[in-house]
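Quick note, the sequences are listed as chains A and B, same order. Letter by letter, the first sequence follows residues 29 to 361 in the working numbering. Letter by letter, the second sequence follows residues 99 to 455 in the working numbering.
According to the in silico footprint, chain A covers these stretches of chain B (three or more CB under 8 Å from chain A):
id: 1; stretch: 256 to 268
id: 2; stretch: 398 to 411
id: 3; stretch: 420 to 431
Computed far set for chain A versus chain B, every beta-carbon distance over 10 Å:
id: 4; residue: 33
id: 5; residue: 41
id: 6; residue: 61
id: 7; residue: 70
id: 8; residue: 140
id: 9; residue: 181
id: 10; residue: 203
id: 11; residue: 231
id: 12; residue: 236
id: 13; residue: 359
It should be emphasised that the hints constitute simulated quantities derived from the structure, not laboratory data. Just so it is clear, CB atoms sit at the ideal spot from N, CA and C, and this is done for glycine as well.
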Amino acid sequence: MSFPLEIRPLEEGDEESLLATFEAAFGRSLPVETWRWAFRQNPAGTQVQVALRGGRVVAQYAALPNRVWMDGQERVFSQVVDSMVHPDERGGLGRQGTFTRTAEAFFDTHGLGGVGGGAVSMFYGWPVPANRRIGERLLGYERCGQQHALVRGVGESHTPEPESLAALNEAKLSNFDEQALWLWERCATQLGASTVRDGAWLSWRYLCHPEHTYSCMGVRDSEEILRGLAVGRAVEQDGKRVALMADWLVPSEEPEVAQRLLAAFEVQAREWACEAIALWMPPASPWFPWFQVQGFGLRPTPWQRVVRSFDLRVDMAVVQSGWWYQLGDSDLV
Amino acid sequence: MHSRHTLYPSSHRPTSLSRRLTRIPEITLREYEPADGEAILAAFNCIFAEVQEGFRPRSLAEWRWRFVDNPAGGRASLALDEQGRVLAQYAGLGVRLLLEGEEVLISQSVDSFCDPAVRGGLARAGLFVQAGRPYAERHGFDGEGEDRLMYGLPVPAAWRVGRDQLEYSMLSPLWRLEGESVAFERLETEGDVCVEAGDTVPDGVDALFEAAAPGQFAVMVKDCRHLSWRYDARPDGEYLWLHARRNQDLVGWMVLAPGAVEGRRALWIMDSLVQSGDDAARRALMAAAGRQARARGLDTVARIATDACREWEALQDLGLRVVHSGYSFAGRSYMPQRPVAWWTEHLSLALGDTDLL
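Given only the sequences and the hints, what does the whole structure look like? Please build it.
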């Protein structure tokens, strides 16, 4: 006799069973430290719904929330990640199946206006095709188009550094203090909806990651004020070594800071022996044309972006033109 | 016969909708006929004049060119009142598509409207939706002579209604690729490709299309029949042809139009074709486009593209930069084996595949 299905938010003690199901579902293990970092240490909280049968986690629908500033108010946008169902339960991928029921319980719990009193205005992600199809068919995912990256070969810089850069100095950052928030606040008015990039978020996202080491580069002026920030790491992609820029934060009226920061990132990319630099930049951002002037070309990635909005104010116009996100807002770097 | 064909005969038979209405007793929903042109235009010109700044009334000749003369046909579902006035229209232009080597039909949804006086008040879903649903049922189907895909560039309000009530999905953002005329004019070109300007579709376009099409999963047919209608036969059309030849053979063509899209004045590339890998022909055409733009006092040469654009990298390599457009390329697939995601990856759109210019 099969056990009844119990669907509820994550609880203490689910961890071991959940990670075993993760391995069964994805064919690879997820280190417990990484799981804790993602789902227990995120400063914006934990959003995990699990389905259990006989005390064993057999499905998960989960997201990584971000505090987002939009139109003068804080909202929550959450990236859906690591959603899964145990292979034993895959017969039930339909509307009444274990996975869909877990997902709907998740949205009821965390979606704005849902019965669970959740606060998430929008869920988003870059799912693999199979998950995307299920999401579109059963879970209200809305496709927003291909994800593109701006890409340039290392050493293909188009513009010489102007002399006015002399007063700026780049530095590797090993911690984020209140200056990170000041910098984001200077940028925020131009960004539209954007994740609050304060010290807590930046530290969690980049400095505390248990598996990946990111290089955090800042540009400071003569008064040691942080004027710009770039974060990245080297990865292997399609047989190439690529320097992924996970984050870029520079006020748009300060191109000289951007110039110095990009030059510093390029030096780092060379040290990493990378062939190319790649980043995501929303097309509505002033930095989108700027990077093209620096020789970056827009290239399609394999990823399709999808969203599910629970907030009338976060409509497709906001998603397409008013949401500033970076690679670091995803789990793809 | 599919049951949907019986629902909307072209006769003026009232549908059950009229029985549900309270404010206006009789509404007829039916397919358009060529004789409806003047009634459709009267409503179209009146409604768009109120909502679109700088709107120029559409002529009957333009309407006939769109809906009657189009070699792939026009389609429209109309909602008419008792006096035969058109209150709402959901319309589309047929497009011939080569789908994995087989010619099929898809359609571009255009010119849909609803009289503001009755919008939303006549029925639960609104008259626009009431016209749109039978249109989709009548024309959208995975079968010969039917539209396998409907696409369009809806304005935000139409997108919301379409998504919520008519099953629109996003296919791709619409991108603008643009560059300075002077930079294209200076492109170095190879001497064996000669580009000439013309005012009609050149000989050899069919052979070039046949040579260029293989290997593409989905490509809109750009043969003499289509191009002659789209550009040469359009009333008041102002299109310029560029013909690229190598040893007298047509190796590429481009259609240009001066104008404004999204307020951006440019010499717009409506359509172009070169064989895959013939970078010399593409470069020569872009250089000629730069010269033509300069001769017309236009600083910019631009085109549109979608995510599936096959020349994406080559165009950027020529110096075109990508700009975000306010439009979205949206659609609805009627092929169970070709969901929207498939079209997203395989169907590219040129300005000439829209009615923007």
